[in-house]
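Asker: Protein sequence lines, in the order shown, are assigned to chains A and B. So in our numbering, the last spot in the first sequence is 1413, and the numbers never skip. So in our numbering, the last spot in the second sequence is 1525, and the numbers never skip.
Derived by calculation from the structure, the hints in this document are not laboratory data. All residues carry an ideal CB built from backbone N, CA and C; glycine is no exception. Any given hint could be a false lead.
[Unchecked claim] Capping the alpha-carbon separation at 20 Å, the derived lysine to aspartate or glutamate pairs in DMTMM-like fashion look like this:
hint, chain 1, residue 1, chain 2, residue 2
1, B, K1277, A, D1390
2, A, K1303, A, E1385
3, B, K1343, B, E1293
4, A, K1303, A, E1387
5, A, K1303, A, D1390
6, B, K1278, A, D1392
7, B, K1278, A, E1393
8, B, K1209, B, D1156
9, B, K1173, B, E1133
10, A, K1303, B, E1281
11, B, K1277, B, D1162
12, B, K1209, B, D1166
13, B, K1277, A, D1392
14, B, K1277, A, E1408
15, B, K1278, A, E1387
16, B, K1278, A, E1408
17, A, K1377, A, E1408
18, A, K1303, A, E1408
19, B, K1277, A, E1393
20, B, K1209, B, D1162
21, B, K1278, A, D1390
22, B, K1385, B, E1421
23, A, K1303, B, D1156
24, A, K1377, A, E1312
25, A, K1303, A, D1342
[Stated by the list, open to error] Between beta-carbon pairs, the in silico distance windows are:
hint, chain 1, residue 1, chain 2, residue 2, range
26, B, F1365, A, R1399, 40 to 50 Å
27, B, A1375, A, M1321, 51 to 61 Å
28, A, A1315, B, A1375, 47 to 57 Å
29, A, A1315, B, D1376, 53 to 63 Å
30, A, E1378, B, R1174, 51 to 61 Å
31, B, R1174, A, D1390, 34 to 44 Å
32, B, D1376, A, E1378, 50 to 60 Å
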Amino acid sequence: MKYVLMFVETEQFARELAAMGEVEREAAYAAVGRWFAEHADKITHHTHLHPVHTATTVRLDGGEPLVTDGPFVEGKEVVSGFAEVEVADLDEALALARSWPACPIVEIRPAS
Amino acid sequence: MDESATHEALARVVREHAGRLAASLVSLLGDFAAAEDLVQDAVEIALKRWPVEGVPERPDAWLFTVARRRGLDVLRRESTYRAKLAQLAWPVPAEPDDRLRLIFTCCHPALSRPAQIALTLRVVCGLSAAQIAAAFLVPETTVAQRITRAKKKIAEAGIPYRMPAGEELPSRLEQVLAVIYLLFNEGYLSSTAERAQARDLVDDAGWLAALLASLMPKEPEAAGLLALIRLHRARGAARFDAAGRLVLLADQDRSQWDHKVIEEAIALLVRTARTHRRPGPYQLQAAIVACHAEAERFEDTDWRQIVVLYDLLLALAPSPVGRLHRAIALRYAHGPEAALAELAELDRGLERYPLLHATRAELLRDLGRHAEAHRADARALELTANPAQQALLEERLTWT
Chain A
1302 MKYVLMFVET EQFARELAAM GEVEREAAYA AVGRWFAEHA DKITHHTHLH
1352 PVHTATTVRL DGGEPLVTDG PFVEGKEVVS GFAEVEVADL DEALALARSW
1402 PACPIVEIRP AS
Chain B
1126 MDESATHEAL ARVVREHAGR LAASLVSLLG DFAAAEDLVQ DAVEIALKRW
1176 PVEGVPERPD AWLFTVARRR GLDVLRREST YRAKLAQLAW PVPAEPDDRL
1226 RLIFTCCHPA LSRPAQIALT LRVVCGLSAA QIAAAFLVPE TTVAQRITRA
1276 KKKIAEAGIP YRMPAGEELP SRLEQVLAVI YLLFNEGYLS STAERAQARD
1326 LVDDAGWLAA LLASLMPKEP EAAGLLALIR LHRARGAARF DAAGRLVLLA
1376 DQDRSQWDHK VIEEAIALLV RTARTHRRPG PYQLQAAIVA CHAEAERFED
1426 TDWRQIVVLY DLLLALAPSP VGRLHRAIAL RYAHGPEAAL AELAELDRGL
1476 ERYPLLHATR AELLRDLGRH AEAHRADARA LELTANPAQQ ALLEERLTWT
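Whole structure, please, built from the sequences with the hints as guidance.
Answerer: So this is what it looks like as structure tokens:
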């Protein structure tokens, strides 16, 4: 089955990342790189999103499309990336998510 | 047979067979929801016809035949299912008991706790949505929706029909044990009057715990939960007085306890501890209840042993409520001052928990500090919604 893992950052995680020294941050990125390499056979696609202050939202449910600065929900938790994976079932997707070494929340959704 | 006895007998027969049938049909069809629908239909027909026609000699074969016929009928369009069902004949080839897979799927962590509970009762124990609704005092439509949504999630999110293994197993087993214990508490804590019309969840929880313990002999916590439930049940008759009021442990008539069941449960606990040497929260809670169950009179309770067991329990599973119960044991083992000092540290986490304040009131009263005791009881009364507790606290407030 195909699933999308949505990686979600929290404010605290962003602060911790910002407070890291060069070496520490390199190590954190390297851990993420290793995770993608290790599971390359299951990951069909992945995307890293730029920080939320770069987001622009368009709302089409009014009369005219409304363009606003910022993400569609203002919150303390923001999606920072996606990985599309092809695995047998939810338990396998859960195992992948459990081993994710970076941001503290991962949402798993079946996809087609 | 009077009506409630008939119901109980039917419940037992259904529980014994519905889960097995569901397990083999899920394996056969590879479709949890479709298999579950067939079993539920068969159970509903059985519950209508058996009280009139009598329980058939082979209820399992009867349920199987009805589910199969029903499947051939309703799955007309699903040609692969039809083909599989058509080939199926009674008796189904003997296979190892598959109900563990069923239980673990119903208690999958991707399902909400209420969904896990409803699904387990329905699929593993064969309860109807109406029976579950009556036991939890919620509308039947709520339960029906919960089950429908859970089955949809299983299918659409790809929750597998499998037994977790390896490093996954401990946390998954914890979920299953938690669901069974919750069911037990739901039944055990409701008063007999509230329960009179509903199916007794305590029976279902006890049955599930026994099934799990027999299917997972290598897991000491499964046996621990079974012993815990049996120890509680053995004392059930003494928990309410003739008027349906709760009787506190210190005031219970211990001759009403089922001492044979207590003895057997303690033997199971000791055997489990010796064989596995892997204590866990359920074994330790059962050991604490065993200390109470073994005491001939309230004064004979081995409080020091209970404090030691709470220490072990809190080391494995720290919780403020656990610490409060340890403090209560401490009062009897080492006196009210030691217990009061413990409570001071619990204020932050349990400020809104009535038992904390009621316990503090009792300790202060022991120490002759009546004005403070009065204030603590008043605070406890503010916080509780339980009528039995309110009555007790109001009575105490008139003392001082």
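Asker: All hints, please: hold or fail.
Answerer: Verification of the hints:
1. B:K1277 - A:D1390: The hint holds at about 15 Å.
2. A:K1303 - A:E1385: The given pair, whose Cα atoms are some 7 Å apart, holds under the 20 Å limit.
3. B:K1343 - B:E1293: holds, 15 Å
4. A:K1303 - A:E1387: Roughly 5 Å between the alpha carbons, so the hint for K1303 (chain A) and E1387 (chain A) holds.
5. A:K1303 - A:D1390: Holds, at about 9 Å.
6. B:K1278 - A:D1392: holds, 13 Å
7. B:K1278 - A:E1393: holds, 16 Å
8. B:K1209 - B:D1156: holds, 12 Å
9. B:K1173 - B:E1133: At roughly 14 Å apart (the allowed maximum being 20 Å), E1133 (chain B) and K1173 (chain B) satisfy the hint.
10. A:K1303 - B:E1281: holds, 11 Å
11. B:K1277 - B:D1162: holds, 12 Å
12. B:K1209 - B:D1166: holds, 19 Å
13. B:K1277 - A:D1392: Between K1277 (chain B) and D1392 (chain A) the Cα gap is close to 16 Å, so the pair holds against 20 Å.
14. B:K1277 - A:E1408: Distance ~18 Å between K1277 (chain B) and E1408 (chain A) Cα, so the pair holds.
15. B:K1278 - A:E1387: Holds. K1278 (chain B) to E1387 (chain A) sits at ~18 Å (cutoff 20 Å).
16. B:K1278 - A:E1408: It holds: about 15 Å lies between the C-alpha atoms, which stays within 20 Å.
17. A:K1377 - A:E1408: holds, 15 Å
18. A:K1303 - A:E1408: holds, 14 Å
19. B:K1277 - A:E1393: Judged against 20 Å, a Cα distance of about 19 Å means the pair holds.
20. B:K1209 - B:D1162: Between K1209 (chain B) and D1162 (chain B) the Cα gap is close to 16 Å, so the pair holds against 20 Å.
21. B:K1278 - A:D1390: Holds, at about 12 Å.
22. B:K1385 - B:E1421: OK: K1385 (chain B) and E1421 (chain B) at ~14 Å, within 20 Å.
23. A:K1303 - B:D1156: holds, 18 Å
24. A:K1377 - A:E1312: holds, 6 Å
25. A:K1303 - A:D1342: The given pair, whose Cα atoms are some 13 Å apart, holds under the 20 Å limit.
26. B:F1365 - A:R1399: 40 to 50 Å: Holds - the Cβ-Cβ distance for F1365 (chain B) and R1399 (chain A), about 46 Å, lies within 40 to 50 Å.
27. B:A1375 - A:M1321: 51 to 61 Å: Holds, at about 58 Å.
28. A:A1315 - B:A1375: 47 to 57 Å: Holds, at about 55 Å.
29. A:A1315 - B:D1376: 53 to 63 Å: holds, 57 Å
30. A:E1378 - B:R1174: 51 to 61 Å: holds, 54 Å
31. B:R1174 - A:D1390: 34 to 44 Å: Holds: the Cβ-Cβ distance is about 38 Å, inside 34 to 44 Å.
32. B:D1376 - A:E1378: 50 to 60 Å: holds, 51 Å
Every hint, counting from the list given before, is met by this structure.
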